[in-house]
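Protein chains: 4
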Amino acid sequence: MTVRFGLLGAGRIGKVHAKAVTSNPKARLVAVADAFAQAADDLAGQYGAEVRSIEAIETAADIDAVVICTPTDTHADLIERFVRAGKAVFCEKPIDLDVERVKSCLKIVDAEGGTLMVGFNRRFDPHFQAVRQAIDEGQIGDVEMVTIVSRDPGAPPVDYIKRSGGIFRDMTIHDFDMARFLLGEEIETVSAQASVLVDKAIGDAGDYDSVSVMLATASGKHATISNSRRATYGYDQRIEVHGSKGAVAAENQRPVSIEIANGSGYTRPPLHDFFMTRYTEAYAREISSFIDFVESKSPASPSGVDGLVALALADAALKSVKEGRAVKVSEITGPLADRSVFQGR
Amino acid sequence: MTVRFGLLGAGRIGKVHAKAVTSNPKARLVAVADAFAQAADDLAGQYGAEVRSIEAIETAADIDAVVICTPTDTHADLIERFVRAGKAVFCEKPIDLDVERVKSCLKIVDAEGGTLMVGFNRRFDPHFQAVRQAIDEGQIGDVEMVTIVSRDPGAPPVDYIKRSGGIFRDMTIHDFDMARFLLGEEIETVSAQASVLVDKAIGDAGDYDSVSVMLATASGKHATISNSRRATYGYDQRIEVHGSKGAVAAENQRPVSIEIANGSGYTRPPLHDFFMTRYTEAYAREISSFIDFVESKSPASPSGVDGLVALALADAALKSVKEGRAVKVSEITGPLADRSVFQGR
Amino acid sequence: MTVRFGLLGAGRIGKVHAKAVTSNPKARLVAVADAFAQAADDLAGQYGAEVRSIEAIETAADIDAVVICTPTDTHADLIERFVRAGKAVFCEKPIDLDVERVKSCLKIVDAEGGTLMVGFNRRFDPHFQAVRQAIDEGQIGDVEMVTIVSRDPGAPPVDYIKRSGGIFRDMTIHDFDMARFLLGEEIETVSAQASVLVDKAIGDAGDYDSVSVMLATASGKHATISNSRRATYGYDQRIEVHGSKGAVAAENQRPVSIEIANGSGYTRPPLHDFFMTRYTEAYAREISSFIDFVESKSPASPSGVDGLVALALADAALKSVKEGRAVKVSEITGPLADRSVFQGR
Amino acid sequence: MTVRFGLLGAGRIGKVHAKAVTSNPKARLVAVADAFAQAADDLAGQYGAEVRSIEAIETAADIDAVVICTPTDTHADLIERFVRAGKAVFCEKPIDLDVERVKSCLKIVDAEGGTLMVGFNRRFDPHFQAVRQAIDEGQIGDVEMVTIVSRDPGAPPVDYIKRSGGIFRDMTIHDFDMARFLLGEEIETVSAQASVLVDKAIGDAGDYDSVSVMLATASGKHATISNSRRATYGYDQRIEVHGSKGAVAAENQRPVSIEIANGSGYTRPPLHDFFMTRYTEAYAREISSFIDFVESKSPASPSGVDGLVALALADAALKSVKEGRAVKVSEITGPLADRSVFQGR
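Chains as they are written, first to last, in this note's numbering: chain R, 88 to 432; chain L, 88 to 432; chain X, 88 to 432; chain F, 88 to 432.
For the record, the hints were derived by calculation from the structure and aren't laboratory data.
Heads up, some of the hints might be wrong.
Any copy, or any two copies together, can satisfy a pair, since identical chains are not distinguished.
[Stated by the list, open to error] In silico DSS-like pairs for lysine-lysine, Cα to Cα no more than 25 Å straight-line:
id : residue 1 : residue 2
1  : 287       : 332
2  : 384       : 190
3  : 406       : 332
4  : 102       : 409
5  : 415       : 113
6  : 409       : 106
7  : 384       : 287
8  : 249       : 102
9  : 332       : 190
Just so we're clear, the structure is a prediction, and the values are computed from it rather than from any experiment.
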């Protein structure tokens with residue numbers, strides 16, 4: 088079987104997914120849509136796909152699945168439309184910046200029996216997957232403490248920051264999802280502190296650039312997250328998990344691994360300086376998993392609920408900063424029946 | 088000049104200091120006191136020192152300085168007695184488990200113009216000193232985020248736990264001091280979470296074995312601490328500091344650095360399994376610094392106030408756990424005129 | 088411009104090059120030839136190319152370049168035919184197992200003014216390229232000593248060994264080329280020792296499985312090579328270069344870089360277990376360079392002479408083992424006017 | 088029992104051994120002799136020992152053992168005198184620069200039933216010992232190939248070079264001994280190449296500063312050694328052993344293990360810059376082993392024969408360079424009945 092794709096949005100992340108789809112022997116990129124005709128033309132041309140309108144893709148008989156890479160404020164509407172049109176949907180995170188809107192969207196997905204996968208690409212990084220596999224194999228015993236250090240090479244433009252929903256919803260959200268992926272138990276409370284150390288303009292825009300977060304589960308497992316919008320040495324992405332029988336850590340990745348020694352010491356090159364080179368393999372595996380879910384008609388993971396919970400953790404973190412206290416996730420979400428992170432196990 | 092020492096307490100940590108003193112060409116171990124005559128005899132015999140009572144050491148003309156390694160509840164009294172007797176005092180941490188008792192003790196030290204150094208040995212570890220030196224040289228720019236992972240190979244006996252003042256005052260206190268040593272600015276707020284994951288008996292004794300802490304300074308610098316009472320792979324002691332121009336990290340230490348490769352992968356031996364082998368060099372440098380302070384009659388560092396502030400951070404952390412909120416250090420200490428950590432710079 | 092390729096040979100290495108060609112935006116795979124019709128069909132089908140005979144490719148107007156992946160004993164003939172047919176030729180190493188045959192072939196290439204590139208893929212590995220770049224930038228001063236450790240995960244079948252020309256011509260030849268690539272000066276003498284430690288059957292077939300080689304240039308620079316046909320821990324491929332101002336080393340590569348710690352120590356996964364996964368990126372860059380040479384009509388590197396010299400070094404090594412003495416390369420080649428390795432600098 | 092020591096020679100290496108002896112609880116330094124009275128006075132004074140003449144130490148009833156740290160050309164005579172005087176003898180390498188003189192000396196040691204240990208300190212390095220232990224435990228199966236990279240931070244003065252016997256007898260000799268220690272089988276043939284790349288003055292003095300060596304045993308095991316008199320990045324001391332089931336390597340040692348990251352990459356400090364700081368622990372363990380041999384009256388290891396064989400390997404290497412061929416060790420030594428390296432196993 089070949090899964091026939093429509094791509095909605097031909098921007099930076101759209102290109103990443105176009106490459107992943109066209110490199111996959113089980114997929115075909117049929118159509119590209121973008122509000123900017125030139126962007127759609129260029130991307131479609133590069134891969135031999137057609138340019139179509141969103142409406143045309145919605146009703147097309149030769150499209151099985153769509154990848155939503157449009158601006159965030161269109162995500163929830165498009166998910167609803169395409170689920171109703173019977174297409175499998177892969178949507179870039181976040182579903183929406185508002186928890187209530189996400190919940191209403193997921194109700195429709197649920198009612199339609201739709202397939203929805205949310206783009207937490209890091210779960211598909213081979214190194215992070217190997218960490219989870221080591222846990223699943225029992226190599227470190229019971230998980231006790233997850234430590235995530237996640238730092239961007241540099242801050243995005245302040246214009247982007249303003250539309251981003253803030254650092255917790257834009258950047259830390261990946262780490263919240265990773266913490267859930269590794270803890271193996273839902274998070275109950277969130278404590279956070281945040282400050283502006285990198286760029287005063289970020290503070291002027293009402294956001295933070297340096298944050299620390301502590302998470303706790305019902306049984307007392309911990310996770311800590313340390314974020315900065317700027318790391319001079321590259322894209323710093325480390326996770327480690329401490330357990331009852333041992334620990335497992337994923338090391339940072341660098342494009343070239345040589346070492347030069349001289350009187351000043353031993354020097355290795357900096358890390359990757361961009362998420363796309365760092366996570367190239369993760370994006371390929373992510374689409375490959377989506378195709379598997381579509382083919383097998385099994386529930387996709389990470390699911391819409393995974394997207395909802397990660398967003399709720401971001402909201403809880405922000406509330407914790409504002410109120411100087413530990414915030415329960417249930418204060419944000421209310422009770423949730425289904426928290427699907429564990430289905431992947 | 089040779090500094091002539093009396094050693095109070097011939098137990099485990101007393102032996103460590105006896106070795107450091109006798110290995111130092113500028114020091115001489117003159118006398119040893121211990122409530123257990125046999126312990127004092129053995130240690131004095133090994134190094135050619137005399138056994139004396141505490142009173143005899145207090146009044147001895149041939150003793151310039153004492154090292155206090157007796158049980159914690161005797162520290163404050165002994166500091167006061169020996170400062171009054173005109174001896175320079177090195178005291179193992181903590182000065183006392185009660186902040187008010189520490190403050191009253193320090194008042195007397197101050198009134199007497201005494202020399203008091205508190206035993207935060209980690210500041211003298213060559214690797215951690217190199218981290219601080221890199222900061223002082225401006226190699227990472229402004230300090231922004233300190234990350235400390237500190238895990239013991241195994242939990243102490245529950246009997247010890249009961250007398251220890253709890254994990255924050257007994258174990259995390261070293262990390263609080265290290266955070267202050269590296270942040271270069273006083274800590275204002277403490278958030279902590281704590282649980283019992285290692286040994287239920289520790290919980291039954293009213294303590295925790297797994298804790299996470301977030302610290303913030305007035306200007307918004309962060310520190311995070313992750314502690315566990317058990318690490319199967321050895322004595323896990325890592326610090327890293329993220330700054331505006333770069334980062335610096337101290338790696339874990341292992342007694343043997345070989346690597347064995349086979350079909351299962353590449354394996355290096357575990358870390359040190361004991362604080363005494365891990366910090367051998369730190370203890371030697373610590374006593375050497377104390378001797379320098381005694382010789383130069385300059386204020387010792389870490390000082391009594393450093394001991395006080397670290398204890399207050401521990402109390403604040405415990406309060407944060409109990410109350411589920413960020414606690415200001417000033418809630419514990421009241422305003423402090425002198426916070427001496429920075430004098431060493 | 089798009090370079091239109093014919094692929095001769097659809098076996099294991101042919102597939103590697105087919106993938107590299109079809110992934111390159113500046114190339115198109117037009118035709119595949121193979122004595123086994125099924126193999127040609129399968130590979131052509133996978134990439135939308137035609138199946139053609141060698142003769143048809145030779146005379147085709149829509150083919151600019153060929154990649155020769157046929158058995159070694161056909162290489163020299165095919166190079167001559169396709170150079171005469173005006174095609175640019177990329178040929179897998181070796182050109183032939185006989186130095187005289189290689190020389191006669193290169194004369195024809197030269198007379199025809201043909202483009203010939205020889206497949207020493209390791210020169211295109213990003214890590215080894217970074218080593219060479221560090222040298223070229225003067226970061227280690229003058230090159231003095233090159234150290235190469237090169238070990239295969241496992242020995243090939245004895246049938247292959249018998250046709251291979253022996254370990255020096257089959258395996259060490261890559262390291263000879265790498266030594267030349269890094270020394271920056273021609274090798275004058277070769278000393279080698281060889282034994283059978285891995286598999287007696289290899290010895291019975293008249294070959295060795297474990298060899299050490301020392302190389303010296305006219306100015307006294309050294310290179311050493313250590314080869315084994317079996318490494319339980321994966322494909323061990325390390326080079327380091329010691330110079331007057333420092334040293335540079337390329338580390339081994341592993342598919343997953345996590346580390347698991349427990350009471351037995353710290354374990355990282357094994358290395359790549361196959362040359363194709365280890366050198367994926369090198370193969371892509373190699374074809375990309377070939378395309379650049381074809382487009383720019385500049386002499387290709389590594390050249391036919393590079394192929395010749397590496398083979399001569401292999402012959403010299405074998406002679407050194409047999410005669411227990413240092414062998415001059417000129418004993419094998421006679422004087423060579425052109426030794427093209429340096430053109431790439 | 089306490090072993091009472093006389094120290095012959097109060098120079099650089101004499102001080103190293105004085106410290107090792109006086110730090111050992113089972114030893115006492117009784118007397119120091121040196122042709123320079125001041126040197127003897129200073130060293131004896133530092134450790135509370137007496138200054139005596141060599142003759143007085145020879146006949147002293149209160150001396151059990153001597154450590155010979157005098158110039159090389161006095162070693163053989165002193166060994167003979169002190170063995171005849173019934174003292175256990177530890178002698179710095181080499182016994183003599185002349186193989187025949189060593190043989191005649193060892194005959195006397197043998198005839199007297201004397202205890203003689205030769206100072207190959209590296210066998211006692213904890214990391215190299217761990218390598219040997221891994222081999223002895225069978226962790227890498229049968230040893231096949233030993234690789235030694237050994238580079239000094241900087242060349243000694245040319246005056247020293249002239250008296251040293253040349254790089255093979257002065258520097259490589261340690262690596263020859265280490266190769267024997269790890270191969271577990273006697274070396275039969277030596278091939279070497281040597282050049283002057285570091286300092287022309289070394290060549291003018293008739294010596295080399297850059298050498299490569301290949302060694303082979305009767306069963307075909309290999310060892311390679313790479314030496315340079317200068318490494319800008321410190322004292323480069325690496326060994327690795329490849330075996331049928333795996334490999335084991337000892338990593339380089341650095342005094343401080345931090346890592347600084349910035350836009351230029353990740354930098355660790357240089358290695359130790361001096362053999363005494365690099366091998367501090369080895370010297371202490373070496374003397375401790377000697378004391379054990381003296382106490383247990385068991386044959387010492389490394390023995391006089393170990394010293395003889397290492398010297399013969401050096402002579403064979405020089406002969407190989409001069410004659411451009413593989414040299415058999417038996418060409419140098421004649422047949423040897425006893426090659427004692429294996430007794431330690």
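Please sort residue 409 with residue 106 into within, between, both or neither, judging by C-alpha distance up to 25 Å. Neither. Shortest intra-copy (41 Å) and inter-copy (51 Å) distances fail the 25 Å Cα cut-off.
Copy assignment of residue 102 with residue 409, given that the CA separation must stay at most 25 Å: neither (37 Å within a copy, 50 Å between copies)
Quick one: residue 332 to residue 190, C-alpha cut-off 25 Å, is that within a copy, between copies, both, or neither? neither (39 Å within a copy, 42 Å between copies)
Alpha-carbon proximity between residue 384 and residue 190, which holds within one copy, between copies, both or neither at 25 Å: This pair counts as within: shortest intra-copy Cα distance 23 Å, inter-copy 61 Å.
Is it within, between, both, or neither for residue 384 and residue 287, if the alpha carbons may be no more than 25 Å apart? neither (48 Å within a copy, 44 Å between copies)
With 25 Å as the alpha-carbon cut-off, assign the pair residue 249 and residue 102 to within, between, both or neither. within (23 Å within a copy, 49 Å between copies)
Intra/inter-copy verdict for residue 415 and residue 113 if alpha-carbon distance must be at most 25 Å: Cα proximity of residue 415 and residue 113: none, with 43 Å in one copy and 55 Å across.
Checking residue 406 and residue 332: alpha-carbon separation at most 25 Å within a copy, between copies, both or neither? Neither: 35 Å inside a copy, 30 Å across copies.
Residue 287 and residue 332: within-copy, between-copy, both or neither at 25 Å Cα: Between copies, since 16 Å is at most 25 Å while 44 Å is not.
Hint compliance for this structure: hints 3, 4, 5, 6, 7 and 9 are broken, all remaining hints hold.
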